[in-house]
Amino acid sequence: MSLELKNVRKNYREPNGHDLPVLDIPHFKLEKGEQAALVGSSGGGKTTLLNVISGITKPDSGEVLIDDIEITRLPEAARDRFRAERIGFVFQTFNLLPAFTAFENVLLGMSFARGKADRAHAKQLLESVGLGHRLTHKPAQLSVGEQQRVAIARSLANRPSLLLADEPTASVDPANQETILKLIREICKEHNVSLLLVTHSPEIAAQFDRTIPLQEFNKVLQNV
Amino acid sequence: MNLFTIALKSIRQRLLASSLTALSVALGVALMIAVLIANTVVSKTFDLQQIGYDLIVGPKGSELDLVLNTVYRIAPPIENLPYRYYEELKENKHIGVAVPIALGDSTEHGNFPILGTTVEYFAVDYAEGKKFRTSAEWPNGKWESVIGSSVARENNWTVGDEFQMVHAGQDDHVHDEKFKIVGILEATGTPNDRTVFVNLNGFYAIAGHEKPIQEAIDREAEFFGETEAEVRAYHAADLKEMEAHAGHDHSGHDHAHHDHATPDLQKEVTAILVRMKEDPRNPTLAQSRAIEFSADLREGFKAQAVNPIRPMQRLMTNLVGNIRLILINLTAFIILVSGVSIFVSIYNSMSERKREIAIMRALGADRMAVFSIILTESIILCLAGGILGILLGHGLIMFASPILEARTGLVIDPYVFDPMELTIIPVMIGLAALVGFIPGLTAYRTDVAENLSS
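Taken in sequence, the protein lines are chains A and B. Mapping the first sequence onto my numbering, position 38 (from 1) lands on 38, and the numbers just tick up by one. Mapping the second sequence onto my numbering, position 444 (from 1) lands on 444, and the numbers just tick up by one.
Since the hints were derived computationally from the structure, they do not count as laboratory data. Some hints here could point you the wrong way.
Listed below are several chain B residues computed to face chain A (Cβ distance under 10 Å; list not exhaustive) [stated by the list, open to error]: (1) M1; (2) A362; (3) G364; (4) R367; (5) A449.
No residue lacks a Cβ here, since even glycine has one placed at the ideal position from N, Cα and C.
The shape of chain A in the complex, shown without the other chains (with noise of 0.2 Å):
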């Protein structure tokens, strides 16, 4: 899958009846099967960079094209259907449901894309992650780092082509940090799934190819 941002900007209308730019993205590309190490500061339009991606939020202007489909003109249903089966989503607190096994978390994220629920790709996907032995385990009753990897076999589990990672490895202990990025670098070749992983880390994004410094293309943080 091939990700295209082009002239996207996105303002918050601030209490005070102002708004707040928050991205000026002229332009930005990331390849099929590429996998890039997106950095930046606190607060520098990461997160809803990540959701202007995946249609969570729309932006006020300019085009994101997904495989060439610009997401951005679909009604609210089709992008919702459209992100349940082409974006996998990593978050930096996991989100898991409580009520759900690891197990059902799995397939919850297949329930809300067109077509059954796969129970043997599932299981699959957590005997990836070395949780085949925690398929009933409820969130409360895993470690955290076990808990990223279930939403990691979540998020894979509708096949995506983009997978996109929101500091994956930030409330993780630094034993687990390794392990988890290695994890879903592995995983994302493996199936030629496009990566973009939000980091403020250096030293995790040194481990890319490719380093996208958020400063470089918005332009909102240039003009600060």
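Mind docking chain B on chain A? Use the hints.
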């Protein structure tokens, strides 16, 4: 994993709150079921559309009391009619069947009403097409009795057992005479199940049941508008025999059990059940004759003939109907309050669930999906509460029916079903949709980006 499973998981996540919410609905529904069934039972019990008689003839007084006493045996007798009046009535060419009833006493054990009558009572259907059936014999003999099914069950009486009765209005006076049970009636679902039927001749033969001679003469004279001499002339043969009997030596045997028949003069009946003669060529003739007969009696001073359906219909419409309406409205209000509690429970949980909803949206759930999940939760809670309420309501009836039967004499079928119960489930679904709509809308409008980052 479908939306139903997701909703179910959410409910289980908040098991205590969800259970209490469903329970509040269940209690409301149980109460409504109890009211509906109580209403069905009362309606069925007091619905005399199917009684086998056209008229109840009794002393002048309250029509309702006459019916409650004669049919339901839950009101004291108004007065008595001379036996002679029954004899005359029997000869009326328009009357097909006239069955005398003598009420007032009760059993020593269980306080069941004693009804003295003839075996003709059992020959008339107790409801349309439903005939009395006995386990053994009918009470043809003077000291014989058949008992209702509830009496047999509660007193643990069986054929061959003997019992004594308590004189009306005198709890401490137990008659010496004993009646022998010769049959147990099959359950009828009517007050007959709680009645002890004794042979009318035996009933009169009990010491103290015969009216004192002078009092009987005075009563008959007043009733028929005759002089004492006329009454004495009418009963001359009986009076002569009584005088002869007065000189008879009783020292060698029990007076109460000797074979002298009670003279008609000293007999009274509480009421007479009447069925008019029917004409197959004119099916409405019996009814018009009953109306005519009733109207004739109304003009006189002796007795009244009541169509048993009318006073009961008035009672149902004016009193029971209004009470039922109030109770049904009250329980509907309780269910509405339960619905509000579901609304409050789900709505309050929405603030803590916005993040969950945002996660589901981020995973690709559209707005309608999260709206549907919340609505499904509401429906599950309402339905679970509704079904539990129906079970609880029927459980309550099963538990309470023997107690109510013992206390009020009303026979309640614990498996009775009110067709209105069928509306409960659709009503609960409607209520669920109503109370789940606003929380569902909150889910629908949840800002994903804002709640994911919170």
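Restraint: R367 of chain B near chain A, CB-CB cut 10 Å. Satisfied or not?
7 Å, holds
Measuring from the C-beta of A362 of chain B to each C-beta in chain A, is the shortest one below 10 Å?
6 Å, holds
Would you check whether M1 of chain B satisfies its interface hint, that is, whether its CB is within less than 10 Å of any CB in chain A?
At 5 Å from the nearest chain A Cβ, M1 of chain B passes the 10 Å test, so the hint holds.
G364 of chain B as an interface hint toward chain A, with CB separation required under 10 Å
Since chain A brings a Cβ to about 2 Å from G364 of chain B, closer than 10 Å, the hint holds.
Quick check on A449 of chain B please, does its C-beta sit within 10 Å of some C-beta on chain A?
With a closest approach of 5 Å, the A449 of chain B hint holds.
The earlier numbered hints are all upheld by this structure, with none contradicted.
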